[in-house]
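Quick note, the sequences are listed as chains A and B, same order.
Numbered as in this note's numbering, the first sequence ends at 437 without a single skipped number.
Numbered as in this note's numbering, the second sequence ends at 473 without a single skipped number.
Worth flagging that the hints you see were computed from the coordinates, not collected in a lab.
Treat the hints with care, as some may be off.
So the derived label-pair ranges between C-beta atoms look like this [unchecked claim]:
#1 A:ASP4 - B:ALA372: 42 to 48 angstroms
#2 B:LYS55 - A:SER145: 26 to 32 angstroms
#3 A:THR229 - B:LEU443: 55 to 61 angstroms
Cβ coordinates follow ideal geometry from the N, Cα and C atoms, glycine included.
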Amino acid sequence: MTTDYKLPELGENIVKATIVGVLVGVGDEVTMGQGVLEVETDKAVIEVPSELAGTVSAVHVREGQEIEIGQLLLTIEESGTTAQPVAAPAKPAAEPVAKADDAPTPPPASESKPAAAPEPVQPAPPPASESTPVSEGELVAAAPSVRRFARELGVDVNDVKGTGPYGRVTMDDVKTHVRVGASSAAPRSTAQPAAESAGEMTKWGPVEREKMSNVRRATARTMGQAWSTIPMVTQFDRADITDLEQMRKQYGPRAEAAGGKLTPTAIILKVIGAALKRFPKFNASIDLEREEIIYKHYVHVGVAVDTDRGLLVPVIRDVDKKNVITLSAELNAIAQKARDRKLSLDEMQGAGFSISNLGGIGGTNFTPLVSGSEVAILGVARGSTEPVWMDGQFQPRLMMPLSLTYDHRLIDGADGARFLRWVCEALEKPFVLMLEG
Amino acid sequence: MTDSTITTQVVVLGGGPGGYPAAFKAADLGLDVTLVDMEKNPGGVCLYRGCIPSKALLHVAKVLNEAKEASELGINFGEPTIDLNQLRNFKDKVVTQLTGGVGLLSRQRKVRFVQGRGEFVDNRTLAVTQGDGSTLQITFEYAIVATGSRPTVIPAFDLGSERIMDSTSALTLPDIPETMLVVGGGYIGLELGTVYAALGSKVTVVEMLPRLLSTGDEDLVQVLARQLETRFEKIMVNTQVLGMEEVAEGIRVRFRSPQGDPFEQVFDRILISVGRKPNSAGLGLETLGVAVDNKGFIPVDAQRRTNVSNIFAVGDVAGEPMLAHKATREGHVAAEAIAGHPTAFDPQAIPAVVFTDPEVAWCGLTEMGAEAQKRPVRVARFPWGASGRATTLGRSDGMTKLVIDSVNERVLGVGIVGTNAGELISEGVLAVEMGATVADLELTIHPHPTLSETVMESAESVYGQSTHVYKRK
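The following block holds chain A by itself, in its conformation from the complex (with noise of 0.2 angstroms):
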């Protein structure tokens, strides 16, 4: 039996993805839950995993097609279902873009000649472009070549402020609506310059060159726009954790019983979720078209994850009603998760504040970079035994450096410093959780 499979829901709000890569072919096993398709949110990479099993009869897209939730992506042969061995692959249908689903069934005097089936024109054309809407009867003013210009980026030119007489749309306010990323519309000609050419480079010694990985085109997206668009300010701060690590050191086996591991980060993890429930603001976004403040009555905290893919952020959810067992044992499953490749895009969304731990590795300090809606983040380098004056005299601390990284057009640096000494205070004294948290 063949069946269709579409595009299944993606996650909240996502409605389109670009596809990046398409991993099968035709005539390829599929396995439940195995990728099958690489698509680019505006969010990020994700997998596209297959909900049948079965060997692929037709592939129905293709790479930097734009695709919607429930588009045909594949028809699958499903395993164990059909009468006749599936021994051959069936060719792919015979139209190169014709989908098997609008074109209609050929008569039957087609059929009664099979070995005429047309061979392979000459280079196949390049495929058709997509059938993309024009809206009926006014556009906003624009030349023709500046609505072209729209339409090769992949821009709906009614979406473009206009900076002309009336609001008439240039091609500046096209390139400056992309820049600016205002739509989910993901250009692809943003692409700086590289500073220097191949060419020049190769006078220097030998070079190589190396695609992106789908991870890293989305974070050099993410972390160019962030570093374009938000005036940032880095705070740091010092918290002795003396007390904190022999606590965790004493209570880490009741944690790992829990199936988690008593990290640090579970830790400051739980002391954030009370920081953003008494420091709203540090848990908000801006929308500066309307001018407001937006504030989140949950509390979702994205944590980093390096992986050999790059980096990911999964989001752990409703961390300030959560215990720091239950914690460990959340970011133990979901990083994990990470480095297998299985996260779905929901579960790297929905974050209103993120932390990045490189204690694990190194480091005394380092300025994170806040991104998407988040307006603060939080980053923690390696802690380190040192002399503090303490009743009178150096005593040997364990202090851990964090640092803090903000959106200063909503927070300022008093706010700042009151939020990071306040995550201090309760990794230092624990109890301040109980009494303020």
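Here the structure of chain A is known, so what remains is to put chain B in place on it, guided by the hints.
What follows is chain B alone, placed relative to chain A:
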């Protein structure tokens, strides 16, 4: 019986102003293209039986009229003698030269041209019946249907008489009838009526609706109607044709007057010009599953793709307005879409031109259209009586008008009536496409003395006074 088979990437069915530009564009974009048409060369109705031969004849009409009007300038040519054979030769030479030229361009682009009648067998195969009766099977990946349209036939008037003509037969100029009735006051009837009137026929126009050229703004059409009243024997609006019969002296036509009274008149010849209808039947579209609407048009998307994804349709067969220049752009869009380019058919203005004397042309939003949409607009008019150039031509019968967004001064539509209106309208089309404001037209220096100044001066009048018209405050 299948005699031979060829394989191509793109087959274009129909070689008119939609089909041949589509084929050329596809070839220019590197595709292997086959163009199928029933004539010896590409060109279609436009070049063989429409725009081009009618314009050749209208040029003749203009020469005749101007020679006649020259008496007012103190020059008398006397009564012209008309050599109909020579005239037909001139027109045929124009057609042969232009279609031959398109044929040459087709060969230069290595577009395979197949003469014959094509019919789809399935969505990969077109069967072409050639002149010698043999069949050629064309296997294709994409097809562009550009089969155009034909004059609408009213069965009740289809008496099988030679005296009853459609636009195609009228263009062959069988003779110069003493009297001629034009049924339908649209652009085709008025253009051909103008030709026959100039050649000496007494032309009567009958129109069922209250006025001629019902899709154009009334103030523009009024200027033309006044001129036509002097050239034509009679213009009857609000009048219905009840029936016709052939009698010894010609065709007896029964009418119903606006008051509902029947009356009769006999004419030597009748021209039926009541519109055109798309050629969507007999192409095998039903076997393909290509949808056709109740008027016979093939619905298409912005890329001119039909509901069957490798079949496209352009030109008259793909919907109104049935105009050559619209077809050409559509053909380009379809070819670009097939080549994988991001493209769309998204014009803001498709100019309409009536090549009568004076010409009428408009584009974008008409005043009538604005009223229908209840959209508040400002309208600026500039009468050609105030144009120096129009006066030197002895043709002050003209008007230029702008339809402007009443809030943001964007030019939404332009309408012109007057000699050369068809050439002048292009500036209006550009203005509408560019989203120009009235100020853009006003501040652009126009050469003096030309008719194009009327566009600038109508824009000036929006801001108060134009140089050559003084409005009392």
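Next on the checklist: To test your reading of the hints: which numbers does this structure violate?
Outcome noted: 3
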